[in-house]
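Chemist: Under my numbering, the first residue of the sequence shown is numbered 16, with each subsequent residue one higher.
Hints were generated in silico from the structure; no laboratory data involved.
A quick note: this is a predicted structure, and the numbers were derived from the prediction, not measured.
Just so it is clear, CB atoms sit at the ideal spot from N, CA and C, and this is done for glycine as well.
Some hints could be false.
Simulated restraints, written as ranges between beta carbons of each label pair [to be verified]: (1) Val158 - Gly17: 38 to 44 Å; (2) Val19 - Val60: 19 to 25 Å; (3) Ile113 - Leu16: 34 to 40 Å; (4) Lys106 - Trp130: 36 to 42 Å; (5) Ser86 - Pro48: 31 to 37 Å; (6) Ser49 - Ser86: 34 to 40 Å; (7) Phe89 - Ile56: 39 to 45 Å; (8) Gln43 - Phe77: 17 to 23 Å; (9) Pro135 - Ala155: 29 to 35 Å; (10) Lys106 - Lys131: 39 to 45 Å; (11) Val93 - Thr62: 17 to 23 Å.
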Amino acid sequence: LGAVLVVASVICIGSIIGVINTPDAWYQALNKPSFNPPPWIFAPVWTSLYVLIGIAGWRSIFVKNDRLLTSLWFIQMVLNFAWSPAFFGLKAPFAALIIILALACTTALYVLYAWKRDRPASLMFVPYILWVAFASVLNAAIVWLN
Numbered sequence: 016l017g018a019v020l021v022v023a024s025v026i027c028i029g030s031i032i033g034v035i036n037t038p039d040a041w042y043q044a045l046n047k048p049s050f051n052p053p054p055w056i057f058a059p060v061w062t063s064l065y066v067l068i069g070i071a072g073w074r075s076i077f078v079k080n081d082r083l084l085t086s087l088w089f090i091q092m093v094l095n096f097a098w099s100p101a102f103f104g105l106k107a108p109f110a111a112l113i114i115i116l117a118l119a120c121t122t123a124l125y126v127l128y129a130w131k132r133d134r135p136a137s138l139m140f141v142p143y144i145l146w147v148a149f150a151s152v153l154n155a156a157i158v159w160l161n
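Throw the hints in and build the complete structure from the sequences for me.
Modeler: Encoded structure:
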């Protein structure tokens with residue numbers, strides 16, 4: 016039940032932030048790189064990632080009760096949830112780039128530290144860090160092109 020509540024909370028908060036900060040005319044007018052994915056891909060990707068992130072968080076907090084992993088998990092969640100309001104809400108791609116680079120570093124630290132403390136949680140973050148790396152490059156390209 017605990018895992019379901021953590022996963023549901025992560026998906027719910029992420030979805031609310033996504034709905035409040037949807038791409039608008041400003042975003043449509045931005046120059047985007049050729050590798051910019053179609054808009055429909057983001058919801059299923061993030062939902063899948065949020066399931067993995069939630070399970071990893073549940074493991075860090077409740078199964079392993081690991082202070083360092085729990086701290087890194089909460090920091091990455093704050094950074095994750097801050098990106099959309101910065102990018103879409105404030106229309107500040109450079110500020111969002113700083114946030115996503117901090118997110119990439121935090122998720123990488125989580126993967127590294129979890130590798131010895133909770134390997135399943137570490138592995139659950141691998142798709143997430145790959146997506147964050149891609150999103151970082153995409154964000155940087157948008158800053159560069161605009």
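Chemist: Lying within 38 to 44 Å: is that true of the beta-carbon distance Val158 to Gly17?
Modeler: Given about 39 Å between the Cβ atoms, the range holds.
Chemist: Range hint 34 to 40 Å: satisfied by the CB atoms of Ile113 and Leu16?
Modeler: holds, 37 Å
Chemist: Go ahead and decide if the range 29 to 35 Å is satisfied by the Cβ distance of Pro135 to Ala155.
Modeler: Holds, at about 31 Å.
Chemist: Would you say the C-beta atoms of Gln43 and Phe77 sit inside 17 to 23 Å of each other?
Modeler: violated, 42 Å
Chemist: Taking 19 to 25 Å as the hint, is the beta-carbon distance of Val19 and Val60 inside that range?
Modeler: holds, 21 Å
Chemist: Using the beta carbons of Lys106 and Lys131, state whether their distance is inside 39 to 45 Å or not.
Modeler: holds, 41 Å
Chemist: Starting from the hint 36 to 42 Å, judge whether the C-beta atoms of Lys106 and Trp130 obey it.
Modeler: holds, 38 Å
Chemist: With respect to the beta-carbon atoms only, verify the hint that Ser49 and Ser86 lie 34 to 40 Å apart.
Modeler: Since Ser49 and Ser86 have Cβ atoms about 38 Å apart, the given range 34 to 40 Å holds.
Chemist: Do Phe89 and Ile56 keep their Cβ atoms within the hinted range of 39 to 45 Å?
Modeler: Taking Cβ atoms as reference, Phe89 and Ile56 lie about 27 Å apart, which means the hint is violated.
Chemist: Is 31 to 37 Å respected by the C-beta to C-beta distance linking Ser86 and Pro48?
Modeler: holds, 34 Å
Chemist: Does 17 to 23 Å hold as the CB distance between Val93 and Thr62, or does it fail?
Modeler: holds, 20 Å
Violated hints, listed in ascending order, are 7 and 8; each of the other numbered hints is respected by the structure.
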